[in-house]
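Protein chains: 2
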Amino acid sequence: MKLHTVAELLSSDITLQDIEIKGWVRTFRANRFIALNDGSTINNIQCVVDFENTDEVTLKRITTGAAIHIKGELVESQGKGQSVEIQVKTIDILGDSHPDEYPIQPKKHSFEFLRENAHLRTRTSTFSAVMRLRSSLSFAIHKYFNENGFYYMHTPIITGSDAEGAGEMFRVSALDAKNPPLTEDGKVNYKEDFFGKETNLTVSGQLEAETYAMSLGKVYTFGPTFRAENSNTSRHLAEFWMIEPEVAFMDLAGNMDLAEDFMKSVLSYVLEHNMDDLKFLENRLLDEEKTKPQAERSEMSLIEKLKFVVDNNFKRVSYTEAIDILRNSKPNKKKKFNYIIEEWGADLQSEHERYLVEKHFKCPVILFDYPANIKAFYMRLNEDGKTVRAMDILFPGIGEIVGGSQREERLDVLKEKMKALDIEEEELWWYLDLRKYGTAVHSGFGLGFERLVMFATGMGNIRDVIPYPRTPQNAEF
Amino acid sequence: MKLHTVAELLSSDITLQDIEIKGWVRTFRANRFIALNDGSTINNIQCVVDFENTDEVTLKRITTGAAIHIKGELVESQGKGQSVEIQVKTIDILGDSHPDEYPIQPKKHSFEFLRENAHLRTRTSTFSAVMRLRSSLSFAIHKYFNENGFYYMHTPIITGSDAEGAGEMFRVSALDAKNPPLTEDGKVNYKEDFFGKETNLTVSGQLEAETYAMSLGKVYTFGPTFRAENSNTSRHLAEFWMIEPEVAFMDLAGNMDLAEDFMKSVLSYVLEHNMDDLKFLENRLLDEEKTKPQAERSEMSLIEKLKFVVDNNFKRVSYTEAIDILRNSKPNKKKKFNYIIEEWGADLQSEHERYLVEKHFKCPVILFDYPANIKAFYMRLNEDGKTVRAMDILFPGIGEIVGGSQREERLDVLKEKMKALDIEEEELWWYLDLRKYGTAVHSGFGLGFERLVMFATGMGNIRDVIPYPRTPQNAEF
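Chains A and B are the protein sequences, given in the same order.
With the numbering used here applied, the first sequence corresponds to residues 220 to 696, in that order.
With the numbering used here applied, the second sequence corresponds to residues 220 to 696, in that order.
Worth flagging that the hints you see were computed from the coordinates, not collected in a lab.
Treat the hints with caution; some may be incorrect.
Because identical chains share one entry, a pair is satisfied inside a single copy or across any pair of copies.
[As the list claims (entries may be wrong)] Think about it this way: if two alpha-carbon atoms lie no more than 16 angstroms apart in a straight line, the pair counts; the simulated EDC-like pairs of lysine to aspartate or glutamate are: (1) Lys290 <-> Glu239; (2) Lys221 <-> Asp476; (3) Lys410 <-> Glu695; (4) Lys327 <-> Asp603.
Please model the complete structure; the sequences and the hints are all you need to start from.
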């Protein structure tokens, strides 16, 4: 007999004899109604137990969290709230769950408590929905790139170059931690380490992705990246996943087109495939927002917000225009911003980004052509000599979700910029080679995957959208 | 004007006016015929230059590796070897490639030389084919699991638990490397490290995947894993990618079914989608094998081998049967094996695995029910008390490609096995919780992705199937 899933049975429009299902008890009420879940959908299937003909011992073992095996019939439901239900013929307890000990009780748990029990939290509706959406978004990303002629590339996690400067790095080593070998002048002798040099965890696969774009044309990465920054916030992780497409012969305008089309496509995918989970999360968010003052509540519901992004053009605004808007804005004039915008060249803080997106434009915004000196060395210098072809996409409620640029393809200009920042040419000899041999315009961007999952699920803390978050003082599980 | 790709144009069955294409020159002969490639296919498109009306300077700059922009017409080819070609109207040099300096000359380079130039090696036909196949296999994997109701899960890369014992680990730290803080009893004080404890790079996501299988039902990981083992061989990497599905309510027989169906499905996918690349690699392998003595050559060509796996059942053989076969085999009796099989309980070496696959059964083999004491602690003990429900899949030319098991779901048995191996319960409290609350039969396996890419491409060295290999003394790029 084939094992059915809850999702299959709930979508059946015919009654079925001899069905068989395994799953975990969510609730058991009136000694009769089991709400059973197996992870295949957010919805439970109701299993009706013939308690008069079931032994007492078994009935007592039907507790929240227990794994059970049910054989029976799928019939039209007599009760409200479901169209089908299972008339149980036999029930086997596969694994007990002691009701006094099981941490996941059928009640509301705080997210903090569930983080401490992250190995069990996908047994709740909220976290199972979040993680199904995370999976669905991942697939949508691979599907989009595959359909658009991109090749998936695994860039290295352990890296010997620290030239990128995207942030503090974690050291990877196999040397004795207490007494590392030293060189004659008293430094740690990394020549004796596993790789024969000092190595770190990557902060980005972009530079390596460029090498593949300049031969395979269109590539993307989707892998873990790391920051050893002591940021204990609801928006930062020490280990997170990034998507980084890179395309030869594409300029900044093409990059903006790609990023917008890509974001719309992956969000469309979950609107099409994950509506049950989205509806649940939408209601969860509504409940959560009820506890907040009116002014802090979202104007749109979760699903409305996703549809809004899919259906509307992203507003494209140059950094220079944005500075004008911010300088003349009420919070700037009334000194409500923590960082007052005074002149061109200022780095935008998240308060400014959120003002632009949430108050001024009220839609996703692509800012482009930033001042060169607040952006990375590899970005293409504009003809004005002071701005670079950078772009950031800002989303409501999230802030920066995508950062990208056209890359500096001119060897002499790139060398000059590296020199100004004390980046040694020997460190990036291979990156410079791309400009020596068959160089061309090329562009790409990076998307922090967890930011996307937060946006699509309405979850407010980044620790709740990744299975096992790594943050300062926390590497449990 | 839309930019075309080489792949699009080569598959066009109509002539096209006003086409536009960008790519890199592979060769330029007779001052007239450019073989142009843009990564979209292994095939080049022939671009015919009207050299009488093209200036000398431009003609000289059409060198191997140069990036160029061509406008022209797609016409039926007059020459042999291609059905269409481009009549060039205008040609722009986007990026030069100095013919005396460019490392990738239009000739055969050794793989060793290309490893040293890994940033340029995808500009060769062999490596572009390998990396397109790698990408295609990745997509096939995601597609298979998505279509079969699995959720993709990102297990942590940085891990605080070292209980798994799958091999030597790399330490991840942000402490001062030379003078780490010490505890009172003179050990490194990891409480002061970023995560407040000693952390390493993961060797497997299995244990965490089990936590998700026991709530979401069917999950899989596809991420990087690490071994700090000083193995300088053609089959080992310090950083490699693994796929690890894990399924609740599935026993070892189901696990074998899943693994076989999965392997066949992903190989079918590349047979369907990557035939041009496969044909090229098949010929490359034939050329390579011509240099070998007859006895060492494969009996099947690359594509035949892939089709053979797709079309034939994997032979399922218990460890006990395998030992009998090996004990009575010629190489054992004639003491040709380095490790002579004498009795039940011996660990199989790769020479034995290859004998079973390549000489005895001549097809993929699934070995199962291994002696408990040569396998990991988490494998389900059989009723005989001496074997565990483990399985390994052996492939011709590769050896072990998949390793999996049914997991020990009984709390008391698991605790006993951990005790025997000195694994502290506190280290894996969360893993034990899965057996306390709603435990059930579950199983999964691990597939080393690079082994699969080697098999599908016919490449003999694992360093040639990953973009930037990490091996002892090497973390370049």
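To see whether the hints hold, each was checked on the structure:
1. Lys290 <-> Glu239: within (4 angstroms within a copy, 63 angstroms between copies)
2. Lys221 <-> Asp476: The answer is between: 14 angstroms across copies meets 16 angstroms, while 47 angstroms in one copy does not.
3. Lys410 <-> Glu695: Cα proximity of Lys410 and Glu695: across copies only (13 angstroms, versus 32 angstroms in one copy).
4. Lys327 <-> Asp603: neither (57 angstroms within a copy, 45 angstroms between copies)
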